[in-house]
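Residues per chain, in single letters:
Number of protein chains: 2
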Amino acid sequence: MENKLIKHPFILEILDKYKVIWSLGHLSALGNWDLSVYMPEEGATARGEALGKLATLSQKLFLDKEFTDLIKKADGEKDLNDYEKAILRMLKRSLKYYEKLPAEFIEEFSKVASEGHIAWKNAKEKNDFSIFEPYLEKIVELTKKKAEYLGYEKHPYDALLDEYEEGLTVEEVEKYFISIKKPLVDLINYIKSSKKFKKEHALEKQEYDIEKMKKLTDKILKFIHYNMSHIRVDVSSHPFSISLGKGDARITTRYEGKDFAKSYSSTIHEYGHALYEIQSHDDLHYTPISGGSSLVIHESQSRFWENILGKSKEFISLLYKDIIEVDEKFKDFSVDDIYDYFNLVKPSLIRVDADEVTYHLHVMIRFEIEKALIEGKIKVKDLPKVWNDKYEEYLGVRPTNNKEGILQDVHWSQGYIGYFPTYSLGTALSVMWKHHLEKDLGKIEDILKTKEGIRKIQDWLKENIHQYGSTYVFRDLVKKTTHEDFSSKYLLDYLENKYKGIY
Amino acid sequence: MENKLIKHPFILEILDKYKVIWSLGHLSALGNWDLSVYMPEEGATARGEALGKLATLSQKLFLDKEFTDLIKKADGEKDLNDYEKAILRMLKRSLKYYEKLPAEFIEEFSKVASEGHIAWKNAKEKNDFSIFEPYLEKIVELTKKKAEYLGYEKHPYDALLDEYEEGLTVEEVEKYFISIKKPLVDLINYIKSSKKFKKEHALEKQEYDIEKMKKLTDKILKFIHYNMSHIRVDVSSHPFSISLGKGDARITTRYEGKDFAKSYSSTIHEYGHALYEIQSHDDLHYTPISGGSSLVIHESQSRFWENILGKSKEFISLLYKDIIEVDEKFKDFSVDDIYDYFNLVKPSLIRVDADEVTYHLHVMIRFEIEKALIEGKIKVKDLPKVWNDKYEEYLGVRPTNNKEGILQDVHWSQGYIGYFPTYSLGTALSVMWKHHLEKDLGKIEDILKTKEGIRKIQDWLKENIHQYGSTYVFRDLVKKTTHEDFSSKYLLDYLENKYKGIY
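Protein chains in written order, with our numbering: chain Z, 1 to 503; chain B, 1 to 503.
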């Protein structure tokens with residue numbers, strides 16, 4: 001079948017060769033998925049070997065002169081459309097990464113990250129930062145080296161941010177955080193002083209049967225998604241979403257046996273990621289721009305589904321009948337009760353369980369620490385104290401152990417430094433989409449009340465965001481769709497309105 | 001860690017390079033596993049693309065001059081031990097295959113097989129051979145061509161047999177089938193004339209709850225296997241076993257909701273395959289001789305577990321308590337009843353459901369048809385009639401439709417011609433192992449009565465068969481372990497004794 005979006009012979013020639021690299025990526029992704037969900041425990045070493053070899057092979061194929069020559073040849077072309085330009089942009093990004101980072105460095109980094117990950121798990125289990133400390137030191141040291149290899153204009157952390165969000169800089173992130181910090185702290189203080197403020201909701205402690213909750217997950221997915229033959233859901237301790245290409249999107253969720261909002265939110269959050277991949281234009285499959293590569297845009301989708309839809313009263317109403325079927329005791333709670341439970345604001349220690357308001361402060365803490373680490377202004381060995389002090393300062397809570405503090409997140413152990421800010425930016429973007437979707441279609445609460453309401457929302461997201469895959473970088477896509485620049489103003493208005501309503 | 005079995009520097013150098021090819025194989029195997037058990041339906045095209053590209057890439061890496069030169073260099077070495085020789089033997093086998101079959105031919109064959117498979121499924125569903133006929137014609141034509149490419153001494157079918165069982169010839173297979181044909185027909189006639197002969201057992205119609213049967217599968221595996229962290233079981237319509245390397249063996253089973261022997265037997269059969277891979281010597285991992293490549297030896301392991309252990313009264317007794325927990329109605333049946341049910345002999349139409357005695361006649365029919373097709377003595381269009389006539393002649397039953405006849409097996413649709421004889425030969429070999437294991441350890445019925453009895457059997461299999469992986473070809477391994485040549489005599493004695501006892 002003819003490709004309607006991509007027609008330039010140079011680009012088609014590149015894509016033809018790229019298909020092998022895509023294939024290696026496809027099966028590596030499957031290998032990673034399997035590793036988290038079904039692989040027998042003792043298969044880890046062999047899987048690690050295979051994934052490592054494939055990564056090296058993929059790099060080798062990418063750097064093959066015949067392939068890089070094609071990229072360079074196409075790069076001179078004037079006559080490319082947006083899709084074709086984007087393909088070239090993405091390939092050049094990979095090329096830069098491969099060319100600037102020596103193969104031995106990539107190997108060393110990957111080895112340290114893999115060992116660091118095991119050390120982190122161990123440290124977290126034993127609540128002992130000293131187990132992880134030497135690995136984190138090495139990771140920080142190598143990450144600084146990586147920034148130098150990759151290059152930057154103003155700040156070494158810029159090079160790291162760019163890995164997760166093309167072109168993102170410290171300057172931008174700081175400007176953004178400054179814009180939200182005070183309003184959020186004020187809002188939190190308002191909430192804490194409200195009579196309705198409470199530290200606990202009965203549903204947090206309410207236990208449930210995991211098999212029954214799995215059935216709810218299936219019902220939610222069947223209810224929100226329009227085609228179950230290209231998506232599946234499994235279980236993993238850290239929920240994630242992964243796309244294996246055309247017709248194959250996968251998400252995972254978690255079941256802790258109580259506090260069902262965690263499971264519910266994970267499912268809907270990951271679905272938001274998956275839908276972006278699913279609704280990418282068909283003609284972009286097997287190219288480097290199918291699906292999302294901007295973590296900010298990706299997170300804007302997951303947070304849109306998780307918070308703006310999933311935690312709304314209308315959405316809860318639509319699923320209420322199914323929710324209360326999970327447990328006899330759930331029947332004691334009304335739609336309003338569940339809405340209060342899903343939207344409970346309270347400063348707490350764990351980022352992944354944080355509410356919509358305090359969440360950004362968790363991210364801010366990580367950003368400040370990462371930046372200071374890269375600048376050499378703080379030392380790894382002082383991190384537990386630095387962390388706890390910041391939690392006390394920003395959130396008014398102080399971890400009593402490192403498991404709930406510095407050891408809670410997996411990211412650093414895997415060498416992901418520069419990743420966290422995209423969580424907050426993406427969340428802010430999700431509210432921008434809400435604003436513009438409502439401008440086009442009317443209030444979400446009203447859309448959800450109509451027949452095919454969810455489908456209308458999915459169509460809007462497809463039309464305005466998903467179909468393009470990674471054709472446009474974050475800033476450009478925002479401009480193209482909303483005709484304005486990215487801003488935190490919608491996030492702040494939304495939080496203010498929503499939570500001053502509740503509290 | 002130092003490899004204790006493989007030390008020759010030439011071989012170690014080869015294995016170092018081979019690891020990439022192994023890695024591609026590992027992830028392709030995972031891709032195939034996933035395709036059968038979890039892949040969302042619409043992911044088929046992308047998966048097909050990826051697996052196809054990886055196969056071509058693997059061939060390319062194999063044929064890389066640097067790699068083939070190493071093989072050729074090592075080939076001149078006198079000073080190799082059995083493991084090292086075997087590695088070279090296996091690599092040369094692959095090399096021969098890649099060198100003799102033109103890449104375009106492999107691609108065409110793979111395309112026709114993939115289309116043929118879909119056509120076959122469709123034909124089977126609609127019970128209409130004419131849908132599959134043109135594809136099968138093409139497959140037979142290409143298979144003949146393949147035999148010519150690969151070369152043979154006496155019969156083109158020899159080249160096909162060799163693909164599944166190294167060195168197997170028409171002459172050997174015919175000699176073997178002649179040796180068992182008359183005794184089996186006589187035994188079947190004896191059984192059919194016995195007063196105890198019956199066409200049905202109450203348990204065949206007994207329905208069960210699939211979730212509960214799944215729990216039985218788990219219990220069976222936990223009962224027979226000693227380490228659940230390197231094996232897993234899933235569900236697929238055609239049960240299979242696949243090994244992904246060290247610490248990762250997977251089996252599947254099926255659940256039809258009645259006639260639970262099918263599910264029980266599949267689980268134990270596939271476990272036999274998996275155990276061979278699991279118990280292969282650790283130092284053979286990442287080499288081409290880890291696990292079994294001889295289909296005859298492999299089938300001897302699965303049939304050993306399925307028939308000789310799984311269908312024995314002692315084994316049933318050990319699992320009886322768990323079996324009757326599946327369904328209230330199962331409690332009406334005693335160990336003896338279940339034994340009778342598992343060992344019911346009756347000429348029937350479907351190979352995969354056939355009993356131990358009639359099974360070989362099903363295989364024989366396929367062998368005769370395949371050979372005649374390759375010789376051009378019969379035509380594809382006449383196959384339904386040829387098939388039905390042979391069933392009537394050998395088994396006294398005549399299919400009333402092609403679904404139960406010529407369309408029942410998947411093999412031909414995937415281009416597997418020359419595969420079937422290994423099923424019967426492997427089954428005969430399983431009885432040889434039984435004889436020699438009992439010579440060493442005493443009667444299996446007595447071993448099973450002892451503590452750790454199953455573990456003793458596993459250890460014997462490891463010591464005598466599994467640890468070698470594919471180091472020895474079928475004939476040589478039989479000789480090494482049993483000090484005699486492969487023969488059908490033990491099979492015949494076993495069937496005669498067992499079934500004259502029952503009937």
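Hints may be right or wrong, so weigh each one.
Said to hold, decoys possible - Think about it this way: if two alpha-carbon atoms lie no more than 30 Å apart in a straight line, the pair counts; the simulated DSSO-like pairs of lysine-lysine are: (1) K479(B) with K182(B); (2) K462(Z) with K451(Z); (3) K377(Z) with K403(Z); (4) K443(B) with K19(Z); (5) K19(Z) with K65(B); (6) K100(Z) with K53(B); (7) K72(B) with K53(Z); (8) K403(B) with K443(B).
Calculated directly from the structure, the hints in this document are not laboratory data. None of the values given here were measured: they were computed from a predicted structure.
Against which earlier hints does the structure fall short, listed by number upward? 4, 8
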